[in-house]
Amino acid sequence: MFVLQIDTMKAILLFIAGLMLGSLLKGQVLVKGTVKDQKGRILAGANIVIKDSYDGTLSDSTGAFSFKTTEKGKVILVVSNIGFKTLEQAFDLGIDTMSMAFTLKEEINELKAVIITAGSYEASDKKKGTVLKALDIATTAGANADISATIQTLPGAQKVGEQEGLFIRGGAAEEAKIIIDGTVVNNFFYSSVPGISQRGRFSPFLFSGTVFSSGGYSALYGQALSSVLNLESLDIPEKSELQLGLSPLFASLGLQQVAANKKSSYGFSYNWTNLTVYQKLVPQAPDFFKVPDFHTADANYRFKTRKNGVFKIYAYYNSGSLGVRNPSLDSIGLWNAFQLNNQNLFTNLSFRQFLGNGWKLNLAGSISYNRDQIASQVQNQQYQPVQPTQIPVIDQASFTNHATQWMFQMRAVAEKRFGSINTLRFGAEFWNNRDSARFQSVLGLYPSLVKDRYTAGFAEADLYITNELAFRPGLRIEHSSLLNKVNIAPRAALSYKLSKNSQLSADYGIFYQTPERRYLVNQPAVDFLRADHYILTYQHISSSYTFRAQAFYKDYVSLLKTSSGFPIAVNNNGYGYAKGIELFWRDRKTFKNFDYWISYSYLDTKRDYNNYPAFVQPGFAATHSGSVVLKKFWVKNMFGVNWSYNWSTGRPYYNPNRSAKEFLTDKTIAYSTNNFSLNWLPKIGKANAVVVLGINNVFNERQIFGYNYSSRVRDADGLLIRSEINPPASRSFFLGIFLSWGVDRTQQNINSNL
Amino acid sequence: MKKLLSVLALFSVLALNAQTKYESAMQNGFAKLKESKGAEDFQALGAYYERIAEAEKTQWLPFYYAARHYTIAAFMNPAADKDKAANKVAELIAKAEAIEPSNAEIYCLKQQTAVMQLVVDPMSRWQTYGAQASEAIAKAKELEPGNPRPYLLEGQYLMNVPEAFGGGKAIAKKLFEKSLELFASFKPLTALHPNWGKEQAEQLLAACQ
Chain G
1 MFVLQIDTMK AILLFIAGLM LGSLLKGQVL VKGTVKDQKG RILAGANIVI
51 KDSYDGTLSD STGAFSFKTT EKGKVILVVS NIGFKTLEQA FDLGIDTMSM
101 AFTLKEEINE LKAVIITAGS YEASDKKKGT VLKALDIATT AGANADISAT
151 IQTLPGAQKV GEQEGLFIRG GAAEEAKIII DGTVVNNFFY SSVPGISQRG
201 RFSPFLFSGT VFSSGGYSAL YGQALSSVLN LESLDIPEKS ELQLGLSPLF
251 ASLGLQQVAA NKKSSYGFSY NWTNLTVYQK LVPQAPDFFK VPDFHTADAN
301 YRFKTRKNGV FKIYAYYNSG SLGVRNPSLD SIGLWNAFQL NNQNLFTNLS
351 FRQFLGNGWK LNLAGSISYN RDQIASQVQN QQYQPVQPTQ IPVIDQASFT
401 NHATQWMFQM RAVAEKRFGS INTLRFGAEF WNNRDSARFQ SVLGLYPSLV
451 KDRYTAGFAE ADLYITNELA FRPGLRIEHS SLLNKVNIAP RAALSYKLSK
501 NSQLSADYGI FYQTPERRYL VNQPAVDFLR ADHYILTYQH ISSSYTFRAQ
551 AFYKDYVSLL KTSSGFPIAV NNNGYGYAKG IELFWRDRKT FKNFDYWISY
601 SYLDTKRDYN NYPAFVQPGF AATHSGSVVL KKFWVKNMFG VNWSYNWSTG
651 RPYYNPNRSA KEFLTDKTIA YSTNNFSLNW LPKIGKANAV VVLGINNVFN
701 ERQIFGYNYS SRVRDADGLL IRSEINPPAS RSFFLGIFLS WGVDRTQQNI
751 NSNL
Chain R
1001 MKKLLSVLAL FSVLALNAQT KYESAMQNGF AKLKESKGAE DFQALGAYYE
1051 RIAEAEKTQW LPFYYAARHY TIAAFMNPAA DKDKAANKVA ELIAKAEAIE
1101 PSNAEIYCLK QQTAVMQLVV DPMSRWQTYG AQASEAIAKA KELEPGNPRP
1151 YLLEGQYLMN VPEAFGGGKA IAKKLFEKSL ELFASFKPLT ALHPNWGKEQ
1201 AEQLLAACQ
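Chains G and R are the protein sequences, given in the same order.
The first sequence begins at 1 in my numbering and counts up one residue at a time.
The second sequence begins at 1001 in my numbering and counts up one residue at a time.
No lab work stands behind these hints: they were computed from the structure.
What you are looking at is a predicted structure, and each value in this text was computed from that prediction instead of being measured.
Mixed in with the good hints, there may be bad ones.
Just a few of them, taken from the derived set where beta-carbon distance is under 7 Å, the chain R residues facing chain G [unchecked claim]: (1) Ala1044; (2) Ala1047; (3) Ile1052; (4) Ala1104; (5) Thr1128; (6) Pro1162; (7) Gly1168; (8) Ala1170.
Yeah, the Cβ is synthetic: ideal placement off N, Cα and C, and Gly gets one too.
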């Protein structure tokens, strides 16, 4: 019993001792000090913690900290701050006060490091360099939700009223390439109609990011003397949706179904565009004897693989026709009728997978097909074909051309991250092009077939020397089976961060392009075209403002020269230059819910290429151009008003009344237009609606894009007569209602739970 | 036997002490919350809970409170980089979820992070983050139908959403009423579990009247 009692006593004593020990340990030590960075700058908000304990604090606005701890003996202090390498240091805690000074090393990371954008306008939401988003494109007045039309409000992209395409810094439309998920889109725009600029085929809402570079683009891409427009399609959407679009111009229906686990989605849409009603309401200058009529269907399937990989398939098919008639300038009373039937298929397959250990793989493939059936006919007053007149220029204006293009592409890019954010990318791509055409006129039937197998290998590295300084060297090697030539194109970009939001970059690169295949039928020994770019950029980008100033010099080392006459002979003796200054300012902050941007471009360019008889400013280049885009949105009423103003000095046009020495010395009047659009986002029944109304050229300003000249009819002064090239209607209108029914879980839950 | 007993006794004391240390630290945080006013105070409180969380490693509640207070701090500071803050909060949420999967309170945090990112650029982000916010709330309600906080947060969010988008005061009012109805019978699992929001619901309901 006694023994047991002692034991109990001991236990109780031990228990008390234990309690005492616990409280004894709670003697406090004051830990204090400062946190600074390598340059001695104060770091506020740094986290100071004794590892595996509750004790610690944040540094204050003077970089100082102090806290009390009950820990004793050897401890590890952890000091961390976003953007800095975490510091762990062992300490022996003293009796009462510990004083220490910490210096944190800056960590090279994406949030703080200089951005290597080198001449490009990043437009995704991911990066800080955001300039344009899908919604920006849809709400730019005058652009009518067309990607390229919005890009024409940015500096460096020239508006050319009579022709579609991206005319970048003195480059022709063929000198820019458009890329969707890594693969080139050969027929991004609807097929050309003489004198009428066409839209792009794809809706901006298909894409999550739009990266537009006005020069000096990455070695991952090639075959463009001027620039690339890089579009990245959406991954799996957030929710299932049924969409309906209605307008006097078109009707569309779309469905997007997202799996419950959000790992996969599929969708399809159909669009029918017919301008019958519109052309009745808005009279068109040319006679559309066949009203533009287009059917478009597309489908997509996407799924997520393990480790955040994404697999995407997209297929697009369009078929369309139109016919337009203008008075012939070569014979009074006759008409030139142009008819076009087009079929276009674009398919894209892409796969993105993280492989672990910093590796990422991007695979892409594409098959595309385009068929244009063009019939040009000289007609009499009754719109019947005229019999041969024995006047060559009139007889040769009647022809048919059936052109078919097939393109197959494959591409693989491997990406490896090393160090903290340094990246190495390398890969290869292969294109197989097959163009065939059958051209028939009074001169006979000219069938043609051109095939080209293009192979390229490329490598590029993003090297962050410090957070302030980054270097991107790149190299691209290309081979074309048609030319049977190889080229080596080095590229380099150097970026230096001046302050938190501003940076300076310099770019250099050699860019090659295979001449347009239509010039290469039975042509031996032509080499790649070549342009060298030199670009200097200053940019200041914060979440609310963007300012960018660029100066560039482009040396067209080799351009194609074509002989006049038929058949055409070609060589590489063309050359030219382009230089200029571009300014861009965008502000989303100063005025609430008001967003505006201003851009200005100065361009000095001359070239001797194709059949030019002289070294001159080309017809698609204007010396000065600018845009102002304004957007005001009232959140409460879900109502927006947009305005845009585009202006450029006159462009040179060809006047056959002048001698070869005076080639392209005449200029059109300056181009100026004001556009207005209005968007309203009401809830109609259970649908989210978007109502858009747009008026282009509100003030009915006179627009002359150039002139068509007769080749034989002269006026009283002995000069060849001409007609103006104007837009089909001086003012154009757009009205559309877009409805979408999403699976609105908010509503469902409110209803089921209340 | 004697030794064994004394060792057991000592361990039980230490264990008891450790338990109370965690609990008292958590309670201490609740006391600090009452004195917190500005964004800096909430940031410090978030850091305080993060320290407890990282030291304990097996408790989800300190991760929860760290995430919650960092979120409040980011909402209170107009100059805060909301995307950066959301990234930090998402890390903490992931750690909490690894310990305590499928908890309504954690889904409430997810909704707040989504709203935080939504407000950066509502025009172009509402489709993504608006959907994320509603989904997180739906999941929270499904996991714990008797929890008043999902209704409170949903009401708070919808109050600021234009009527055209299914928001507005009328809908928010119903949600606050529902939330208060649930608050009347809501009992937290322990004293350390989330138990906030009743006063807020009352104030917001008053603002809807």
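Hint-by-hint comparison with the structure:
1. Ala1044: This hint holds: alanine 1044(R) lies near chain G, its Cβ roughly 5 Å from the closest one there, short of 7 Å.
2. Ala1047: Holds, because the Cβ-Cβ distance from alanine 1047(R) to chain G comes to roughly 5 Å (cut-off 7 Å).
3. Ile1052: holds (5 Å)
4. Ala1104: This interface hint is violated because 14 Å lies over the 7 Å limit.
5. Thr1128: holds (6 Å)
6. Pro1162: holds (5 Å)
7. Gly1168: Violated, about 10 Å.
8. Ala1170: violated (11 Å)
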